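Enquirer: Chains A and B, in that order, are what the protein sequence lines are.
1 is the number of the first residue of the first sequence in this note's numbering; add one for each residue after it.
1 is the number of the first residue of the second sequence in this note's numbering; add one for each residue after it.
Each hint should be verified, as a subset may be incorrect.
[Stated by the list, open to error] The following label-pair restraints were derived from C-beta to C-beta distances:
#1 D64/A x R31/B: 35 to 45 Å
#2 K149/B x A94/A: 30 to 40 Å
#3 L23/A x P95/B: 38 to 48 Å
#4 R96/A x R22/B: 15 to 25 Å
#5 T57/A x E53/B: 26 to 36 Å
#6 K151/B x D31/A: 51 to 61 Å
#7 D31/A x G35/B: 26 to 36 Å
#8 P159/B x D64/A: 46 to 56 Å
[Stated by the list, open to error] Quick partial rundown of chain B residues pointing at chain A, CB under 7 Å, derived from the structure:
#9 F14
#10 E42
#11 R43
#12 L46
#13 E53
[As the list claims (entries may be wrong)] Which chain A residues face chain B? A few, computed with CB under 8 Å, are given here:
#14 E21
#15 S66
#16 A70
#17 L78
#18 L80
#19 R96
#20 A101
#21 K102
To be clear, the hints were calculated from the coordinates, so they are not data collected in a lab.
As the structure is a prediction and not an experimental result, all values here were calculated from the model.
Just so you know, even glycine gets a beta-carbon here, dropped at the ideal spot from N, CA and C.
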Amino acid sequence: MTEGTTSRTDPTPKAVQDCHELLLWLIPVIDQFPRVRRFTLGERLENGVLDLLDALTSAAYAKDKSPHLARASQRLNLLLHLWRVCFELRVIPARRYEHGAKLLTALGQQVGGWQRFAARPPA
Amino acid sequence: MKRLGGLWPRVVAFDNLYLAYRAARLGKADRPSVGRFALNLERELLALQAELESGEYQPGPYRLFTVYERKPRLIAAAPFRDRVVHHALMRVIEPPLDRRFIFDSYACRVNKGVHRAVDRYQGWARRYPYVLKLDVARYFPSIDHALLKAKLADRIKDPRVLDLLGRIIDTSPPTDEPPLWFPGDDLLAPLERAHGIPIGNLTS
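Can you build the whole structure from these sequences, using the hints too?
Expert: This is the structure in structure tokens:
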């Protein structure tokens with residue numbers, strides 16, 4: 001959320017990398033969901049993060065990054081809310097909710113920094 | 001007396017902040033300010049946690065208004081994120097502090113309140129021939145900040161909790177209380193001592 005810290009350097013590889021690691025952590029967690037939630041909430045979450053990865057890699061290789069990044073940020077907002085629903089339905093414990101929320105918000109900051117970087121006029 | 005320590009990690013723990021948010025929104029969930037906070041709940045809570053841990057947290061401005069129930073009273077409503085902080089603090093420090101109060105203190109305490117106070121008073125009034133009625137005039141607006149902080153430091157050891165409490169006390173809106181002179185004060189003494197805590201704050 002702090003202006004200027006992430007906008008100096010190109011955060012491209014880190015955001016994709018972080019999203020990758022988020023997936024590696026999240027998918028085993030979703031595999032433990034109870035059956036009734038696995039194919040509804042769990043499915044949505046998994047697809048959401050996969051979609052996010054799609055948006056981020058697209059942005060990494062695309063010339064015009066802003067539509068991809070906008071999609072990524074939109075996905076992230078939804079994912080945070082889905083994650084909260086999981087916690088409120090007691091599918092995940094508080095500690096796991098905290099960890100996931102931290103990963104997601106950190107990723108959100110990266111995407112925000114990337115957006116500012118991409119919007120900057122080429123020097 | 002033993003002073004309480006080791007409270008800070010419990011105050012800023014994520015689950016404590018989350019439960020504080022739930023407590024702060026009770027009965028207020030339809031307010032726009034609550035909705036805006038809840039929309040980005042995780043971001044807001046994590047930002048609060050980071051600010052508290054780095055010591056950058058500062059309470060925001062109060063919204064002041066007056067109620068005229070029985071007598072005019074200036075109420076100070078804190079912004080929602082500050083109310084979350086108040087609840088996070090109180091969830092940790094209230095139970096041990098409350099245990100130190102005398103049984104017959106009935107103000108702003110769980111399972112106490114005016115009705116129970118009246119019941120209790122009725123019982124005593126039947127037993128004794130005399131009643132002493134007394135009321136502290138303008139009590140909240142006249143509480144001295146330095147004395148209050150010293151009292152809290154008597155009970156609490158944790159420096160970071162005391163620092164946060166001090167910040168909340170220091171941002172109390174100024175009162176229109178006329179200055180009070182105590183024996184031994186010089187002319188300006190009452191104006192130098194900050195006083196008054198906001199009516200409407202959980203922490204008050």
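Enquirer: Each hint should be assessed against the structure and marked as holding or not.
Expert: Here is how each hint holds up against the structure:
no.	hint	in the structure
1	D64/A x R31/B: 35 to 45 Å	holds, 40 Å
2	K149/B x A94/A: 30 to 40 Å	holds, 33 Å
3	L23/A x P95/B: 38 to 48 Å	holds, 42 Å
4	R96/A x R22/B: 15 to 25 Å	holds, 18 Å
5	T57/A x E53/B: 26 to 36 Å	holds, 34 Å
6	K151/B x D31/A: 51 to 61 Å	holds, 54 Å
7	D31/A x G35/B: 26 to 36 Å	holds, 34 Å
8	P159/B x D64/A: 46 to 56 Å	holds, 52 Å
9	F14	holds, 4 Å
10	E42	holds, 4 Å
11	R43	holds, 5 Å
12	L46	holds, 5 Å
13	E53	violated, 13 Å
14	E21	violated, 18 Å
15	S66	violated, 21 Å
16	A70	violated, 17 Å
17	L78	violated, 12 Å
18	L80	holds, 5 Å
19	R96	violated, 11 Å
20	A101	holds, 4 Å
21	K102	holds, 6 Å
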